[in-house]
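So the protein sequences, as listed, match chains R and S.
Under numbering that gives the first Met the number 0, the first sequence has 130 at position 131, and the numbering climbs by one with no breaks.
Under numbering that gives the first Met the number 0, the second sequence has 295 at position 296, and the numbering climbs by one with no breaks.
The set of hints was computed from the structure by calculation and includes no laboratory data.
Careful, some of the hints might be misleading.
Pairs count within a copy or across copies, as identical chains cannot be separated in the list.
As the list claims (entries may be wrong) - PhoX-like cross-link-like pairs, simulated, lysine-lysine; straight-line CA separation at most 25 Å:
#1 LYS278 <-> LYS107
#2 LYS238 <-> LYS25
#3 LYS291 <-> LYS107
#4 LYS351 <-> LYS137
#5 LYS84 <-> LYS303
#6 LYS55 <-> LYS3
#7 LYS314 <-> LYS73
#8 LYS102 <-> LYS3
#9 LYS73 <-> LYS58
#10 LYS73 <-> LYS240
#11 LYS102 <-> LYS278
#12 LYS129 <-> LYS21
#13 LYS123 <-> LYS107
#14 LYS335 <-> LYS179
#15 LYS107 <-> LYS129
#16 LYS335 <-> LYS267
#17 LYS238 <-> LYS179
#18 LYS84 <-> LYS55
#19 LYS208 <-> LYS58
Protein chains: 2
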Amino acid sequence: MTYKINVVRSERNPLIKPSDVKPSNKYFTVDGVFNCGVCTYNGEYLLLCRVAESVKSHKEDEVKIPIVVNVHGKEIIDIVTFNKKVDTEYDYSDTRSLGIIEKGGARKIAYLTSLSHIRIARSKDGENFKIEDEAFIKPIASQEEWGIEDPRITQIEDTYYISYTSVSRNGAATSLVSTKDFETYERHGVIFAPENKDVTIFPQKINGKYIAFNRPVPYAIGGADMWIAESPDLEHWGKQKHFYGGSNEESWENGRVGGGAVPFLTEKGWVKIYHAADKDDRYCLGAFLLDKNDPSKILAKTSKAILQPEATYEKEGFFGNVVFTCGCLFEEGIVKIYYGAADDKVCRADVKIEDIFNLMEK
Amino acid sequence: MTYKINVVRSERNPLIKPSDVKPSNKYFTVDGVFNCGVCTYNGEYLLLCRVAESVKSHKEDEVKIPIVVNVHGKEIIDIVTFNKKVDTEYDYSDTRSLGIIEKGGARKIAYLTSLSHIRIARSKDGENFKIEDEAFIKPIASQEEWGIEDPRITQIEDTYYISYTSVSRNGAATSLVSTKDFETYERHGVIFAPENKDVTIFPQKINGKYIAFNRPVPYAIGGADMWIAESPDLEHWGKQKHFYGGSNEESWENGRVGGGAVPFLTEKGWVKIYHAADKDDRYCLGAFLLDKNDPSKILAKTSKAILQPEATYEKEGFFGNVVFTCGCLFEEGIVKIYYGAADDKVCRADVKIEDIFNLMEK
Chain R
0 MTYKINVVRS ERNPLIKPSD VKPSNKYFTV DGVFNCGVCT YNGEYLLLCR VAESVKSHKE
60 DEVKIPIVVN VHGKEIIDIV TFNKKVDTEY DYSDTRSLGI IEKGGARKIA YLTSLSHIRI
120 ARSKDGENFK IEDEAFIKPI ASQEEWGIED PRITQIEDTY YISYTSVSRN GAATSLVSTK
180 DFETYERHGV IFAPENKDVT IFPQKINGKY IAFNRPVPYA IGGADMWIAE SPDLEHWGKQ
240 KHFYGGSNEE SWENGRVGGG AVPFLTEKGW VKIYHAADKD DRYCLGAFLL DKNDPSKILA
300 KTSKAILQPE ATYEKEGFFG NVVFTCGCLF EEGIVKIYYG AADDKVCRAD VKIEDIFNLM
360 EK
Chain S
0 MTYKINVVRS ERNPLIKPSD VKPSNKYFTV DGVFNCGVCT YNGEYLLLCR VAESVKSHKE
60 DEVKIPIVVN VHGKEIIDIV TFNKKVDTEY DYSDTRSLGI IEKGGARKIA YLTSLSHIRI
120 ARSKDGENFK IEDEAFIKPI ASQEEWGIED PRITQIEDTY YISYTSVSRN GAATSLVSTK
180 DFETYERHGV IFAPENKDVT IFPQKINGKY IAFNRPVPYA IGGADMWIAE SPDLEHWGKQ
240 KHFYGGSNEE SWENGRVGGG AVPFLTEKGW VKIYHAADKD DRYCLGAFLL DKNDPSKILA
300 KTSKAILQPE ATYEKEGFFG NVVFTCGCLF EEGIVKIYYG AADDKVCRAD VKIEDIFNLM
360 EK
């Protein structure tokens with residue numbers, strides 16, 4: 000790499016790691032705390048962290064799958080046990096899931112080995128965080144029996160809207176909840192049918208409409224590309240337009256692209272930090288500059304990654320070589336990027352907005 | 000099959016066949032006229048037919064692909080030529096498309112060999128149709144460069160809303176247009192991101208909201224299942240709920256299910272004719288009875304197919320063993336099902352609503 004960008008990683012990285020997190024119950028082990036949404040609330044920095052847990056198993060051939068079920072109106076976690084030597088219809092080659100190999104040869108996910116929920120972490124200074132011992136948002140069986148992942152927070156006036164991935168046997172969809180106090184929340188249902196995640200909602204109406212990026216993954220035709228949609232009320236979305244599908248010219252984004260952080264407004268226009276993976280699933284972050292009045296219009300974008308896995312805690316972990324953001328704060332010319340490192344830790348890196356602009360090509 | 004259902008196929012079947020349709024230009028041949036939406040308008044039966052055309056080629060190794068492009072603000076059809084011996088990165092095993100075989104072994108569609116548009120056919124009696132020589136809805140490059148498919152018509156007061164599949168390199172999405180006169184129409188954009196088709200909108204608000212079935216096809220997790228969504232205005236959709244994914248118990252629907260016809264109201268509740276394919280891609284039609292006030296609630300469904308490929312024109316054609324409906328009319332106790340036969344002809348079959356109810360299991 001011959002270009003320079005001054006990325007200041009926090010000296011306290013990783014800010015939160017699995018050993019800081021109390022498991023939800025005695026059967027669980029915490030695999031990761033990562034991919035957090037961020038906001039400020041009541042004078043504090045507040046993260047909504049994805050906490051991924053799996054079931055401890057001491058038998059080599061055994062895989063235990065946690066699933067949320069509703070029994071007599073109560074949401075509980077059921078644990079289903081599979082045996083690699085008995086349940087031979089499944090593919091166990093990826094420890095993150097049980098697969099089914101389809102007729103055409105594609106691997107479809109049959110079960111996930113981990114179950115995620117969302118937990119709050121608070122800080123006075125944005126670097127020293129204390130994560131709560133209890134979940135803030137727990138998955139419900141009817142909508143997300145396999146868990147909830149990757150929350151993004153959009154503050155609109157005094158309400159915080161949280162979009163997140165609802166995972167079930169029927170696919171990875173996007174749901175919306177809102178809160179005013181981070182103690183209770185209201186559910187607004189599934190806003191995008193599966194497969195669609197990496198949803199980031201703009202923090203204000205533009206030309207009378209709310210706007211969101213979303214990242215559908217179609218089956219037969221098309222790639223994992225970013226789309227942009229409109230809404231009158233945040234609950235119902237339409238006017239979908241294809242936005243961006245990565246580029247084969249730059250090797251860091253020739254795999255897939257997606258959501259990244261909630262966009263923020265600068266004097267030059269909206270800045271949208273997004274993630275891109277290469278063909279080896281190495282995840283980096285880039286940025287778009289978008290027209291203030293029509294954010295489907297790309298004014299410029301970084302031709303190089305602004306953040307890429309370099310630190311040991313980014314290169315090594317549950318799934319190595321990943322930096323993945325769900326949110327950043329733009330304060331006094333500095334973009335404070337909160338990100339998941341190697342799919343198991345929460346980290347922060349600061350970049351001057353001027354450095355991002357300098358990396359952009361028209 | 001040991002059960003009986005009295006299906007009366009029109010003696011005039013197929014009502015419209017490819018040779019009845021004038022090609023859009025001298026380079027095109029009509030592969031199929033099928034999968035039509037239906038309504039009554041000005042005292043006539045009116046069909047919106049999908050007309051699929053491909054480019055005539057006389058060289059054995061040559062495949063010509065029609066694509067809509069916008070040149071200086073004008074939508075035109077560009078023809079791209081591939082040579083099987085030169086362009087060896089593509090898979091030519093399915094004549095309907097050029098494929099790319101992915102790393103995992105799955106076949107992703109790279110191009111379609113045919114391009115579809117929507118044409119009007121009119122009839123005084125519902126059986127003798129005359130199809131127009133010109134397109135009613137033509138694909139536009141920005142939204143559907145690979146064509147528009149499978150229209151469904153929902154009449155709400157004096158407006159006819161038409162949902163259809165917008166196909167492009169970015170996937171098969173669903174768009175909405177509306178018309179009051181079947182001469183001009185208004186575009187309402189893409190209402191569901193790809194992959195999502197088989198959208199049928201209910202003909203009235205239920206509990207203050209418009210309701211639609213849709214059929215997303217997720218990539219990594221989940222099958223080609225029916226979902227049900229809500230809208231305040233027909234343009235923006237949310238509150239997605241998984242509805243039905245077929246059944247392995249009945250072999251006629253152990254492949255995939257989808258939209259079928261726009262639902263109609265009976266004294267027992269909403270009746271929804273849907274399609275289901277088995278693992279060999281043999282397409283049949285079944286029906287749901289849905290709660291009048293909450294159509295996400297299934298009161299009963301047919302355990303057997305109500306229409307299945309039996310006639311020669313259903314078993315043989317562009318893609319054999321297919322009956323596929325986009326619309327029906329419910330008149331005087333009779334369900335008049337208009338359907339595509341073998342992906343190339345428009346047909347009609349009448350079934351008494353009582354016969355459908357008799358085939359339903361609670």
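Verification of the hints:
With identical chains, the CA atoms of LYS278 and LYS107 are at most 25 Å apart both within one copy (19 Å) and between copies (16 Å). In this assembly of identical chains, LYS238 and LYS25 lie within 25 Å of each other by CA distance neither inside one copy nor across copies; the values are 46 Å within and 35 Å between. For the homomeric pair LYS291 and LYS107, neither the shortest alpha-carbon distance inside one copy (40 Å) nor that between copies (36 Å) is at most 25 Å. For a Cα distance limit of 25 Å, the shortest separation of LYS351 from LYS137 qualifies neither inside one copy, at 36 Å, nor across copies, at 48 Å.
In this homomeric assembly, LYS84 and LYS303 never come within 25 Å of each other (Cα to Cα): the closest approach is 46 Å inside a single copy and 37 Å across copies. In the homo-oligomer, the alpha carbons of LYS55 and LYS3 never lie at most 25 Å apart, since the shortest distance is 44 Å inside one protomer and 54 Å across protomers. Taking identical chains as interchangeable, the C-alpha atoms of LYS314 and LYS73 are never at most 25 Å apart, the minima being 40 Å within one chain and 50 Å between chains. Taking identical chains as interchangeable, the C-alpha atoms of LYS102 and LYS3 are never at most 25 Å apart, the minima being 47 Å within one chain and 34 Å between chains.
In this assembly of identical chains, the alpha carbons of LYS73 and LYS58 never lie at most 25 Å apart, being 30 Å within a copy and 66 Å across copies at closest. In this assembly of identical chains, LYS73 and LYS240 lie within 25 Å of each other by CA distance solely across copies; the values are 20 Å between and 40 Å within a copy. Proximity of LYS102 to LYS278 under the C-alpha cut-off of 25 Å is found in both arrangements, the shortest distances being 24 Å within a copy and 10 Å between copies. For a Cα distance limit of 25 Å, the shortest separation of LYS129 from LYS21 inside one copy, 11 Å, qualifies, whereas the shortest one across copies, 71 Å, does not.
Taking the shortest Cα distances, LYS123 and LYS107 never come within 25 Å of each other, neither inside one copy (43 Å) nor across copies (49 Å). In this assembly of identical chains, the alpha carbons of LYS335 and LYS179 lie at most 25 Å apart only when taken from the same copy (23 Å versus 52 Å across copies). Proximity of LYS107 to LYS129 under the C-alpha cut-off of 25 Å is found in neither arrangement, the shortest distances being 37 Å within a copy and 46 Å between copies. For the homomeric pair LYS335 and LYS267, the shortest alpha-carbon distance inside one copy (18 Å) is at most 25 Å, but the shortest distance between copies (58 Å) is not.
When the C-alpha separation of LYS238 and LYS179 is checked against a cutoff of 25 Å, the pair qualifies only between copies, where the shortest distance is 21 Å, while the shortest distance within a copy is 29 Å. For the homomeric pair LYS84 and LYS55, the shortest alpha-carbon distance inside one copy (19 Å) is at most 25 Å, but the shortest distance between copies (54 Å) is not. For the homomeric pair LYS208 and LYS58, neither the shortest alpha-carbon distance inside one copy (54 Å) nor that between copies (52 Å) is at most 25 Å.
The structure fails hints 2, 3, 4, 5, 6, 7, 8, 9, 13, 15 and 19 (numbered hints given earlier, in ascending order).
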